[in-house]
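Visitor: Read off the chains here:
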Amino acid sequence: MPDLATRADVSRLYGRAAFGATRADLDTWQGQPYDAVVDALFPPGPPGTIGRLPQIDEVEQISQESQTQDVYAAIRWWLERMLETPYPLEERMTLFWHDHFATAFLGEPDVGMLMLQNRTLRQHALGSFRSLANAMTTDAAMLYWLNGIANRVDGVNENYAREFLELFTLGVVPQVYTETDIREAAKAFTGFLVNTSTRTFQFVPTRHDASVKTVLGRRVGGHLPGSPQEALEYQEVTEAALAHDGGKTASRFLAYKLVQQFGYPVTPADATTDVLIQDVAWAIRAGDKWDLRKGVRTLLTHPKWRYADPAAGKRLVRSPVETVVHAAKVLGFPKTNVYGSLYWPQQIQFMLERAGQVPFLPPNVGGWQSGLGWLSQTTNLGRYDVLSVLAQYLHNLALQYALPLPASGDLDGWAVYMGLASFSTNTKLRLQQYLADPQTLDEVQKQLSMFVLVGTSPDWQVM
Amino acid sequence: MTTLTRRTVLKGAAAGVGMYTLSPMLGKAWGAAGPQAAGRRTLIVLDLGGGNDGLNMVVPRSGARRAVYEQVRPTIGLAADSLLPLDRGGQDDGSLGLHPALTTLHSLYRADRVAVVQGVDYPNHNYSHFTSNDIWQAGNPDNIGDSGWLGRHLDRVGQPLDQIRAVGIGGSLAHALRGDEHSGVQVNSFGSTHFVDGDSPLARKRHEIYAGFAQHSALDPLRAAYGELCAATVRLDAETMGLVAAQPGGLANLFLTARTLLSADLGVEVVFIQTGGYDTHSGQTTLHQTLLRDLDRALEAFYFGTIEGVPVGIGGTPGNGLPDPLYVPPTGGTPIGPLDPAIADRTLVMTFSEFGRRIGENAGGTDHGAAAPMLLVGPPSAATGVSLVPGLHGDHPDMGSTTLPADNLGMTLDMRSVYQAVLTKWIDDPTGPRPDEGDPAFRLNGTNLEADGSLAGLFATA
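The listed protein sequences correspond, in order, to chains A and B. Quick note: the first sequence uses the numbering used here, first residue 1, plus one each step. Quick note: the second sequence uses the numbering used here, first residue 1001, plus one each step.
The hints are simulated quantities; they were obtained by calculation from the structure and are not laboratory data. Accuracy of the hints is not assured; some may be wrong.
[Stated by the list, open to error] For lysine-lysine, the following DSS-like pairs were computed, each having C-alpha atoms within a straight-line distance of at most 30 angstroms:
| # | chain 1 | residue 1 | chain 2 | residue 2 |
| --- | --- | --- | --- | --- |
| 1 | A | LYS428 | B | LYS1205 |
| 2 | A | LYS304 | A | LYS248 |
| 3 | B | LYS1205 | A | LYS446 |
Turn these sequences into a full structure, and let the hints guide you.
Guide: Spelled out as structure tokens, the structure:
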């Protein structure tokens, strides 16, 4: 008997890994083999290739134009890409890595560098973590953000080395590296500059510390000055980190973060006991391949991920970006000419700010909060506002662009429209309470209110 | 796996506001702040996120420390004659001085309103931004845990449903404000506490239904916690209706939001303000000056209602927050004037950062370091029964010698001693941390942290 996906499976899979389901997603995939539904989320081709791109290479275009420092153009561009891509999992993983290697727009790095970093994150999003880590060490935006360009043999700057070990590869529970490891790794990372016209890195041997270092017990560097090996010394630090404890430390740290962001609340200490984290970590490090596609596929097909723990209820709070993209998706926001942004209300970026997550503007190198950390009274206001701004915007456009909304009183229709398999008891009661209220509102206003209320309900906000 | 109980969910979600029972539209909620709440002493904690360079904030001006300073900081070192001397009518020796950007703070110092607590850190210092900031906010180096040092205060004193007793401003709700049972409320600005769809009958009906999500089944605890927050969100919207603050730009915006809350006399006791950018690994000279200038202007706006001497107004146009010569001042609006002296008398401002920075510079910046001074601004007279004792407190950390400079500034005072003094002497927390009772984080091998005498006399009573 094949393992077929139910409507609830599709709703939860898309909700947590693909910026949410639409009615079409539910209709298409219900009753199909679950594995096939998962596989269809992955872009075709070998790891590291970009999925199907829109008509023009909008990354290049934005990066040219955004010498203007207009980060909001980049934000709207990315939101649209999340909305329109045929491979939303790739975009979701790109957002995951943007949070992991969190780099913010501060003038320098400029928007163009951030866009190029965004492309690099996407190229490796489901590829090799080894390649991704090495690409981030030499990424122009990152070299500005964590002072790599100030790190030189006669003035060693520890900023990137510390975060590389703490936030990017190994975590701190338990902390397996010492302050000496950080100082040694920082020396190995000396010597990079950025060519500001191409927005790419340069290795400058005269700025590099050519001494022999020891990082996590492994010999690093000591190459002939000016040799090709010296230019690649930074990769030896990656190898030292990945090799720690047979790869367990780094792979468990990455798996912990995947479960935290795609699954349910966990702490770093759970990495040695949680079965899901263990299995995903093994899939990532197997054969020393650091294969993210394999790790993510293991996550999405794992029974512990697929089925909610009945004793614990639903436990993933969607992020503000996921809220915006899913809401726009179910409304059927129109296709645009790529980054024209004609159809995003300008307010959307401010609503995202209130809700606590603006792409390209993470609060610090630690990235955003997740899970329970998203929630407070004021961020809840932002979540509500996202829904009401989109509803009002559509109303102003006389609904000409929206997918037809269900009749206000059609509760089953609303669940399906919003990508849910069903409503919880209380949410259903509240919606009925709204519908039963004697009011003179016209039907369109009632429909828009239903959209806001379903979208802000616990059922929709917590998956 | 994390045990997910309703309580842990609520704590994590910073709700802790109790069940929603009445429609907030039925009545204004502030009424019951009560006589105890009015006139309550208040603490404003400022988190200088990123690791503030304490050694370029409170700087050696003369003596052996000055010689080491000049040797290890050849480019980012501040000239001795540019520093604002810490001397109060001859009471301090003036061997230390403030960064030249801190002119308002300096005038407050000379008016006996500033205490500088030197060499503050915690044992087994951690150099990570995130771990170290967590330790400072938890107030517990031995076990960071889920609760913060001020959240546990809220647990001890309770937090009536009709009061906002603790408020976070800037960023997301701070670890420090999270207790096991009670938590602070985040109010980043008064614009951010209201629904964008307004208060038309249509919108109010929606809000009422939205608040009803609080009745979600407790068997689904995270959704239930989210639902309770929906009710709390509606209540916050109602409770902050009508409050406005001048927003001249920069850190002053957060301080003036705090000032409006204190002036409204709602029973607010603790305000936790988060700012950032202090991670000056490179380009420190300009960056740090910009940050400290912003800090100084925030204090000027809070206490005096001016920025660079120009009146700050509600409804005016913000300035750009940049240092000279790029500075553009805020203009216009209804001037807010100086802070009511009665409020100044019951308000204590206290700064901290997750760490200071290395003694020696790298190349134009500094890497993560350890101990640093804390600044406290408070009343010199005990109008409310307690005053701040101005001047220098604690000992300056050893900087080594010119032949062998220290790598880092070591701890001379445990941060818990400062917290303990604030909780037991400034904030009215009669059941607060005492040796072997109250807050376990403040036990150090069962001894009274203050008993070492290092922090005796930060406050004086009438």
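Visitor: Taking the hints in turn, state whether each one holds.
Guide: Hints versus structure:
1. A:LYS428 <-> B:LYS1205: holds (16 angstroms)
2. A:LYS304 <-> A:LYS248: holds (21 angstroms)
3. B:LYS1205 <-> A:LYS446: Answer holds: B:LYS1205 to A:LYS446 is near 11 angstroms, not above 30 angstroms.
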